[in-house]
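**Student:** Following the hints, position chains B, C and D against chain A.
There are 4 protein chains.
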Amino acid sequence: MNSSLDEARRVFKVAPFITALGCQLDKLEAGVCHSHIVLQEMHQQQDGFVHAGVQATLADHTAGTAAVTLIEQGQRVLTAEFKINLLRAAKGSALVCHSTILKPGRMLIIAESEVYARQADNSLVLVSKATVTLAVTNK
Amino acid sequence: MNSSLDEARRVFKVAPFITALGCQLDKLEAGVCHSHIVLQEMHQQQDGFVHAGVQATLADHTAGTAAVTLIEQGQRVLTAEFKINLLRAAKGSALVCHSTILKPGRMLIIAESEVYARQADNSLVLVSKATVTLAVTNK
Amino acid sequence: MNSSLDEARRVFKVAPFITALGCQLDKLEAGVCHSHIVLQEMHQQQDGFVHAGVQATLADHTAGTAAVTLIEQGQRVLTAEFKINLLRAAKGSALVCHSTILKPGRMLIIAESEVYARQADNSLVLVSKATVTLAVTNK
Amino acid sequence: MNSSLDEARRVFKVAPFITALGCQLDKLEAGVCHSHIVLQEMHQQQDGFVHAGVQATLADHTAGTAAVTLIEQGQRVLTAEFKINLLRAAKGSALVCHSTILKPGRMLIIAESEVYARQADNSLVLVSKATVTLAVTNK
Chain A
1 MNSSLDEARR VFKVAPFITA LGCQLDKLEA GVCHSHIVLQ EMHQQQDGFV HAGVQATLAD
61 HTAGTAAVTL IEQGQRVLTA EFKINLLRAA KGSALVCHST ILKPGRMLII AESEVYARQA
121 DNSLVLVSKA TVTLAVTNK
Chain B
1 MNSSLDEARR VFKVAPFITA LGCQLDKLEA GVCHSHIVLQ EMHQQQDGFV HAGVQATLAD
61 HTAGTAAVTL IEQGQRVLTA EFKINLLRAA KGSALVCHST ILKPGRMLII AESEVYARQA
121 DNSLVLVSKA TVTLAVTNK
Chain C
1 MNSSLDEARR VFKVAPFITA LGCQLDKLEA GVCHSHIVLQ EMHQQQDGFV HAGVQATLAD
61 HTAGTAAVTL IEQGQRVLTA EFKINLLRAA KGSALVCHST ILKPGRMLII AESEVYARQA
121 DNSLVLVSKA TVTLAVTNK
Chain D
1 MNSSLDEARR VFKVAPFITA LGCQLDKLEA GVCHSHIVLQ EMHQQQDGFV HAGVQATLAD
61 HTAGTAAVTL IEQGQRVLTA EFKINLLRAA KGSALVCHST ILKPGRMLII AESEVYARQA
121 DNSLVLVSKA TVTLAVTNK
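Protein chains in written order, with full-length UniProt numbering: chain A, 1 to 139; chain B, 1 to 139; chain C, 1 to 139; chain D, 1 to 139.
Keep in mind that the hints were calculated from the coordinates and are not lab data.
The list makes no distinction among identical chains, and a pair is therefore deemed to hold if it is satisfied within one copy or across any two copies.
In silico lysine-lysine, BS3-like type, Cα no more than 25 Å apart, as pairs:
| id | residue 1 | residue 2 |
| --- | --- | --- |
| 1 | Lys139 | Lys91 |
| 2 | Lys103 | Lys139 |
| 3 | Lys91 | Lys103 |
| 4 | Lys13 | Lys27 |
| 5 | Lys13 | Lys139 |
| 6 | Lys91 | Lys27 |
Bound-form chain A, shown alone:
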C-alpha cells in the first residue's frame, strides 16, 4: 500500500478539467506518470491541429501527478510555472504524455513532459516538450 501513489491517482482523476478533456491515466510509479487523450474534434485549433492548450494541459497535469507521487501526506503541489515547445503541428488518433522528475525537492519539484501524437501506423511522434516547476505546499 502506497499512499502517495493513491493520492496521485486521486489527483489525476478528480480534476474536472481533466475529465472534461478525456485525459486518462496509463502508468504511475514514483516520479513517473504516463497519460493519454483520445483525440476528438473538440481538441482542435483553427487549422485542425491539436490546440497548444490541450498539449499544455496534458503536459502540466501529468507532470503534476508525477510530482504528487513524491510528496508527503498533507502536502499538495501547485504549478508555479511551465514552458512548452510545440515542435510540430500535432495530428493523430491520440495524444500520449510521458512525465518524469528532473529534480525532486522539498519546496520545488521540476518535471519534464514529452507529448507524442499517435499516428495511423500506431507510431508515436514527439510533438511537444514541457518543463514544469511545481511548488510543494501544505494543504
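**Tutor:** Below, chains B, C and D without anything else, positioned relative to chain A:
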C-alpha cells in the same frame, strides 16, 4: 474594412477547443486582443482552483489572435513555444485575458498575455502571465 | 536606514561575475532595480552582437537584486529558473536593465527584466525581456 | 571535409564573450556539442556558487553551436529565446555542458542543454537544464 482583423476574429471563434472552453472575444485591434471565460466547475483542477491548462489555453489563444491582426493575407501563425507563470491560485467568476505584442516580426511574433481572475467585488486580480512565441508561416 | 536595500546593494556588487562583466547599479528601491553595462568587444558573440549570455546575466542579476529588496534579514534568493526572449540582435554603447517584481512571495518571488540597448542618439531600444523565478531560502 | 562542422567550430571559438569566460569545445558532431569551463572565482555569484549567467551562457552557446552543425552555408543562427532551470546551487572544479537537438528545422531549431558541475571525485552532477529556440537566418 480590415481583412486582418476579420481573419483574427474568425481564428478566435472557429477553434473547436476554444468554443468548448467557453472563451469569448472582448476586444480586437492591431496587436491587441482581450478575451474572457465565465468560470464553471469544468475549468477546475483537483483543489477547486482554475486549472493551469485553462489559463494557458486562454493566454495562448488570445496571444495568437493578437498576432493574427498583424500578418498578411495567406499567412497563419502557430505557437512555437510559450512560458506561463501561475502567480496565485486562481478563483473567481471569470478569467479575463489581455494580450499585447511585445515584438512584431515577419518570421516570429512575440506576445505577452496577462490573465486575471474576476473577484466577487468585480475587481481583477492578476493570476498568471505568459510570454508566447508565434511562428508566421504561409497557409 | 533600510537593511534590505543595503543587503541588495551588497549582493549586486559583491558577485565576482558581475564585476567581471562591468555591471553597474543605477537605481534601487523596494521591488525595483536598474543597472547597466558599458559594452565592450568582450561582450560580443560571433557576429558582433551582444551575446545572449550577457543579456541573460544582466537580466537575472538585476531581477535577483530587486527581489533581495523584499526579503528579510537572514534570507537569501537563488534563481530557480528564468526565460528570456531575445527580441532583436543587440548593438549599442551600453546595455540597460530595468527589473520589477511581478509577484512577491514568502517562498517564490517572480520578477521581470527589460533589457535595452543604448543607441548612438542615446535612445533605448528593447532588445530582450526575461521572467525570473527566485526561490527565497534561509542563509 | 564537412563545412558545417568547420563553421560550428569557428562560431564556438570566435565569440569574444566565450573566450572571456574560458569556455572550451570538447566534442562536435551533427546535432551535438559538448563544452566546458574550468571554474574560477570570476564565475561566482554573491554566495560563492556559479552564477546563473555563466550557466546560461554555456547552455546557450553550446546549444547554438550544435545548431550550426545543421545549417547550410550562408546561414547563421541567432537565439530567439531560452529557458533555464537552475536545479541545484552549483559548485565544483568545472562546468560541463552537453547540448543536443530536440527538433531540427529550416526556420527554427530547438536544442536542449544539460549543464553539470564536476565534483572533487570527478563525478558530474546535473545543475541546470535549458531549452533553447534558435532562429535560422541568412547571413
